[in-house]
Every structure is written in structure tokens, then in C-alpha cells.
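Visitor: Listed below, chain by chain, are the residues.
There are 2 protein chains.
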Amino acid sequence: MKGISGFPEWLPQEQRIVDHILGVIREIFELYGFGSVETPAVEKVDTLLSKGDDHEIYGLYRLADPQGGRQRDLALRFDLTVPLARYVAQYGGELCFPYKRYHIGPVWRGERPQAGRYRQFTQCDIDIVGQEELPLAYDGEVIAVMQQVFSALHLNDFVLRLNNRKIFFGLMASFGLENIKAGKVLRILDKVGKLSLADILQLLQLQALPKTLLQILMDMASGAGSSDLQELRSLCDHREFQQGITELEEVMDVADEFGATQNMIVDLSLVRGLSYYTGTLYEGTLKSHPSLGSVCGGGRYGNLVERLAASQKSFPGVGASLGISRLLSILMQKEVFRGLRLTPAWVLVTCQDRQSRSAYLKLSRLLRDGGIATEIYLDQKSLKAQMKYADKKGFPFVVVANAQELEAEVVVLRDLRQKSQQRVNWDELVEVIEKKIAEQ
Amino acid sequence: MKGISGFPEWLPQEQRIVDHILGVIREIFELYGFGSVETPAVEKVDTLLSKGDDHEIYGLYRLADPQGGRQRDLALRFDLTVPLARYVAQYGGELCFPYKRYHIGPVWRGERPQAGRYRQFTQCDIDIVGQEELPLAYDGEVIAVMQQVFSALHLNDFVLRLNNRKIFFGLMASFGLENIKAGKVLRILDKVGKLSLADILQLLQLQALPKTLLQILMDMASGAGSSDLQELRSLCDHREFQQGITELEEVMDVADEFGATQNMIVDLSLVRGLSYYTGTLYEGTLKSHPSLGSVCGGGRYGNLVERLAASQKSFPGVGASLGISRLLSILMQKEVFRGLRLTPAWVLVTCQDRQSRSAYLKLSRLLRDGGIATEIYLDQKSLKAQMKYADKKGFPFVVVANAQELEAEVVVLRDLRQKSQQRVNWDELVEVIEKKIAEQ
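Protein chains in written order, with our numbering: chain A, 407 to 846; chain B, 407 to 846.
Please note: incorrect hints may appear among the correct ones.
The list makes no distinction among identical chains, and a pair is therefore deemed to hold if it is satisfied within one copy or across any two copies.
Said to hold, decoys possible - The calculated lysine-lysine pairs, modelled on PhoX-like cross-linking and capped at a C-alpha distance of 25 Å, are:
| # | residue 1 | residue 2 |
| --- | --- | --- |
| 1 | 590 | 841 |
| 2 | 590 | 798 |
| 3 | 794 | 719 |
| 4 | 693 | 600 |
| 5 | 825 | 798 |
| 6 | 798 | 450 |
| 7 | 790 | 587 |
| 8 | 450 | 825 |
Don't read these hints as lab results, they were simulated from the structure.
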């Protein structure tokens, strides 16, 4: 039996760390008032395809009915944004706007099996969706939340690159290039970082662009141009271009005011391939792990919901998506997470005397009733084997008692971290353990 | 745009209740030392089919490659037990035995769409798996945990019916009926409660069973027979039958000792269709909702892992599965859950003066830094509209301040539940709100 390539899973001790990390992320999302939502893993194929981009989607069929077309209209979601758009389109009348939600859950992509490619991975998304309008200040909030998440995960070399799509489209429009031509250039810029600058130049040259524009685009691609927004204003006086710069300034200001003061840089070469963004764009990377590429990203979308449902209303939104699966291997190496308690229970109650099972069970109930997570070892093994189990699983405390001790309602409490032990009466046991837990 | 039949999802306020309920269940599982695991949604088709029973499995195909057979070997899991068996077979060498795990997650069944049938639903499973042996006492623990879960969910009319498969097979063997014949009779008994007793009788008569046996089986099916285990012993002296009664007695004793004293009854007609059970069997129902049928069930399986992987070792296990999706509609009507706070944030900071955004943001940071989940309303609406939003979303507290108050670092704190308000200095705000939260 082998695991399936592309579908990661964890050993119990690792899963404890994963659960802790997802809990930290959830806590920060809720600290800002985002509420959770869980949509089904399955959406209609039509809904998923409405996003336009080509994705590796897994369709579903009934195994008992392999040729049957009746349920061929269902597929697994490939991100959490399209399901959000469908949810807003469907329940818009019952939601409070601005609608702030987070969604932590798996998505699936039918990649051909290859090393380093996940076919199921976990996304942590936040989005804020307005009705008719959504102030730009919310773009700054989303950025601030993501920055706080990376701080809380002790990933302090996180860098967030920012752009605004209006800057690019305004620039193109000022040279009379729109729609198809602009789209072609955007797809070339999307390859910055993947292809060499020489290759980018060659691809741009094939587009027969004005020389000035080519120079500006290559400055963007190489980072040779200014990243000072006031200086950039002089590049082009097209209204949309200037609007993009104004928005970018405001978003960075609000993010600052929200407390996100570090590691934000303007990067005009950032385009993000996804076609639904209409304004703010951002993408995060880790300086220490450039090979990971983008670890979070997102932006402003003006009309995602409307693309799914004919609606009289518009629902502009802004969001960010953090791909946690690829980060987990890095996070699990960190001392701060490796130091976690790797078993859910604090105490293992060992059983030496098989005639006294009911007394051992009474003792473990006493601990649980006191709110202390407790496992009782019911397998009839030697005390030595039970201590080995406690050690291997990482219990902080072990309770040992023989028949005489049970009779006298007293136990030996072993503290496996302090490597100490003490005799404790049953009626003081919860209190003694609570105190030890508080000290750790 | 319509939701997809069979794939339930929730509005934000309902989702808060669902999250709370799953949190309660998780906490009880961990109180007994069960650790979480999350296996992928996807398994190999061969693994899923190894369980033998016929299930409505959803297979996967790549949408871009509808005829391609290459990835046709993958499918969505239909329960959490088969993935557990595969996990133990795969990582057995790295697990601590007895291995206690819980898994809360969705499963999928490719049912044809019809009212009341879910195609995605959430299971809450606990299992304990041993290596070579697993004392019967663990069967009692699993029962006790499930009883505590139903108590914590305020479902006090929960009844757990118990049986042991050895009783049935021992009885059949004492009449010289084994394997195929016994299997046929078992499948008829599995229909008790779904068919009338007259229909059961007719089906059994077709099997040409000895008259004494037919009478015993009909007594089982109708509940007319004794449920006193000592009396039942006299029915049949076959070794396996007597062994089944002994095990049933011990499991009920241990469950008692674990604290599960209520609502357990012996029901010899309980067979549970799934073919992998080898001993203890149980099934829970709610007296007030008989139409729901079984709301949890499980039992002892002797060789589930071995059926998946040729192994030198045996891995006996015992588990229980709680189907939470069908319970949610009942639970959400309960006053105790409806009284929950339906927004993750405690405080809404309103913004009256658009020139003072940075001061409002500073105020909301002050609250968050104090650990109080806080949403700031950044849309430029009237205070009245903002109060309406706070009320609709269910915020307990609203902070109001005009430009002069911001300047003086003072706010008006409105308590929407108490319908009161007070002026509070910024430096006392966290403390005042914490105190109010503690009082609620």
C-alpha cells in the first residue's frame, strides 16, 4: 500500500502542529471580525468554468454508472474564490454587507502526478464583499491581516509586493493599446521571474510596441524603474494610470494605519495571471525561501459575482489567499512549533492491577470531570511498557497507583518533563496538575 | 443560480452554531485522549472497493481529459473508516498502539438527487486500533465517549442499542447454519424496523429454517425475547454464542465504569449491514426523532486493516461514527445554541468623521492588541446605517466617537444587549469591555 502522489497527509504528532497553526490563523481572522463559512467541496462545472481561466479541474462521475451523463455536471472546486462568488450570488439577500468571511479548506487540482505538485491542498482565504460599493480602505485591511498572520507564524522575512492593475492598463491605453494587445503584454509580464529578462525582452519585441513603452515595461520587469509613487506619476498622464497610483498610495496608507508597517514594496511588474482582478494586486514571498514562489496573494475584483449570475446589483470585493500546504514543511521545522504538546491528553493513567480496573476508571473520570484531558491505558502490559508508550506519545504527566494506593485514594504523579514525581491524594490531584500546567 | 441538491451549506450565523457544535464534539474527543487526523478526501478506487459492500462512490476524472483512463483510479471517500484502515496499514510502523484517533470531516456518496438525501455530509468518527490485540474495555470507552457527546449536545433522549455479532453467528452455528446461509438471514434481520414483522417472518420462512430457530429469530426481531443477558444464556449453549454474551456483559460494565450509565439497552435484532464487524455492535437513536433513524453507530472490527494490506500483523479496532449533518437542523433549534454570539467580533468600531480614519483605526488596534476581536466599519454610511448593521449582525458592543471625542481619547461604548451606554477613556476601554464580557 502506498500513499497517493500529490495528496499530502500527516502523522499524528505532525497533525497536532498543523491543527495548532490553522488555529492561529483562524484566531487572527476572527480578531478582525471575519466569520467562517464552509461551502461544499463540489460545485457545478458551469460555475467553475465561469471564471474563464483554464484550470485542471477534477470532474465527478458515479462509479456505478461510468458512462452516465446525468451527474457529469459536478466537479471539485479548484479555489475558494469562485465558491464565494456563487455563495454571494445565491444568498446576497440574506447577508450583511460589507460581508467579511474567511474560509479554510481543501481545494483540488487535477495536475498530472509530479514531484512537488499537490493535487489537494489547503487554502486560507479572507474576503470582504460590498454591495454596489466597497471603500478602498478594505484593501488595506486585507493586507494588514495577512501581515499579522505571517508575523504570528514567525515568518518574519515575509515581503508583500503591491501593484494596481489600473496602472498597467492606463499605461497601455495612453499608447492606444487596449483589450487584446494589452492582454497579450500582460501575459508576458506574468512570466517575469519565471523567464530571463532577455526572454521577456524578446517576447515584448515580438509585439511591435512603441520604443518608449518597451523601455517602461522593461524597467518594470527588471525593477530598474523607480518605486517612488510620486516619481512614477510623471511617467504617464493617462487618467486610469494616475488613478491606479492614487489607489496604490491610499491602500498602503491604510495598511500602515492598520498596523502593517513592514515589508511592503511597490512592484509594477506584478500582474497575477488571474483575469478577474480589476485594481489592487498583491503577492507575498519569503526571502529565505525564494524557490517557494508566491505564498499568498490576492487583490480587488470588481465584478466576480456578476460574472456568475445575472444580477441588478454589483458586488465588488477584495480578498487574499494563503496557501498553507506548502508552508507546513517549513513551519514544522520551527522550534516554537516543535515545542508543542504532541498529544491532546495531559495525563496518562496507567493500570498495574487488572482487578482494580473500575478504580482506575474512577480516577480518570475524576480528572476529566476536573477538565483535564486524560487517557487511560487499558491494554494489559507491564508498567514499563506503559511508561514507554507515555514517553513516545509525549504525555506531560503519568499517574501510577497499585492496589493499596488505590484503596487509600492516593497516586504517584510523575512529571515526565521535570523528571520528578510526588505522592498526591485524589482530592488534590486536579489542583496539583492544574498548577503544574499553568507553570509550564 | 441555485444550490446543488444534496450538498448542504449554511448562512454565516448558522455556520457559527455549526462551528460551536463541532468544537464541543472535538473537545470531548480530546478529553479522552483521541488525537485528530486528516486524511485526503481522495483515495484509490481499489482501496475503497476493498470493503466489499456496494456504495455509491464518486469517481474522479480530469475535465480536460474526459476519456483519459490515467487518473481514473481515484475517487472520493464514502466514509472515514476505510481511510483509517489504509492509514494504519501505511504508517503502522510509526504509530503508538493502541492508536486513538478522531476524524471530523466530509464524506461523499453519489446518491441520485432526492429529498433528504445528502451527497456530502460530515462524519465525526473515533476509533481505537490495537496491534495484535485490543482489550474489550476499549469498546466500553468508545460507547462512553459517544454518550458524553450526546449529553453535551443536550440530546438527552439518546438511546444506545447494543449487540454482539458473535451471539447471532453462534446461534446460527448451533443449528449447523454458517457462512452463506447465516449471511442471508443476517441481511433479513438488517431490515427490522424498515419492513413489517409480517414481512420479516415471510422472508425468514423462505429460508426453510428449523422451527425453534425461526421462533428465536422472530423473538429477536420483535423484541419479545428477554433482554436479560443471564436469561439469554439458556437459549443456546454454543461456545461462540456464550462468548458473545460474555463480551456484551463486559462492554456494558466498562461503559458503566467510564460513566455511561444511562440509556443503554440490549437489542439482539441489531446487526448493522456493514460486513466488517466481528464483535460488539451499537447504534444510537433519538426517542424524540425516530424518523431520523440511526444517528450514530459502530462496533468492533477484527481484521479491517488486513483486508487492505497483506500484513504479518493484525490490527483489531473498535470505533463509532456520528453523522452530524442530519442532527444539525435539530440542534440549531435549541435555545442553548441559538443564544450564542453570532458574529466572531465582540465590538464594532463605527466611523462618523471620514477625516479621522486613522484615529478610528488606532482605536480598533488598541482593542485588538488587548485581545478583543474588533471589526471597524469603513464604509461611509450614516451612524444610523452602521448601528443597523451592528444590530443585524449581532455585535454585543458598539464604539461611537466624533472628532472631538477622538481628540480627547474618549468614546461612547454602547452595550446592545443591556441597551445601555457609557463614556469610557481609551486607556480603560479594554478593561471595561473585558469585565462586561465576563459578566455575560
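Visitor: Confirm or reject each hint.
Guide: Tested hints:
In this homomeric assembly, residue 590 and residue 841 never come within 25 Å of each other (Cα to Cα): the closest approach is 65 Å inside a single copy and 59 Å across copies. For a Cα distance limit of 25 Å, the shortest separation of residue 590 from residue 798 qualifies neither inside one copy, at 58 Å, nor across copies, at 46 Å. Within a single copy, residue 794 and residue 719 get their C-alpha atoms only as close as 64 Å, which misses the 25 Å cut-off; across copies the closest is 21 Å, which meets it. Proximity of residue 693 and residue 600 under a CA criterion of 25 Å is satisfied intra-copy only: 17 Å inside one chain copy versus 63 Å between copies.
In this assembly of identical chains, residue 825 and residue 798 lie within 25 Å of each other by CA distance solely inside one copy; the values are 15 Å within and 54 Å between copies. Neither within a single protomer nor between protomers do residue 798 and residue 450 lie at most 25 Å apart by alpha-carbon distance, with minima of 46 Å and 31 Å respectively. When the C-alpha separation of residue 790 and residue 587 is checked against a cutoff of 25 Å, the pair qualifies neither within a copy, at 74 Å, nor between copies, at 48 Å. In this assembly of identical chains, the alpha carbons of residue 450 and residue 825 never lie at most 25 Å apart, being 58 Å within a copy and 46 Å across copies at closest.
This entry does not satisfy hints 1, 2, 6, 7, 8, going by the numbered hints stated previously.
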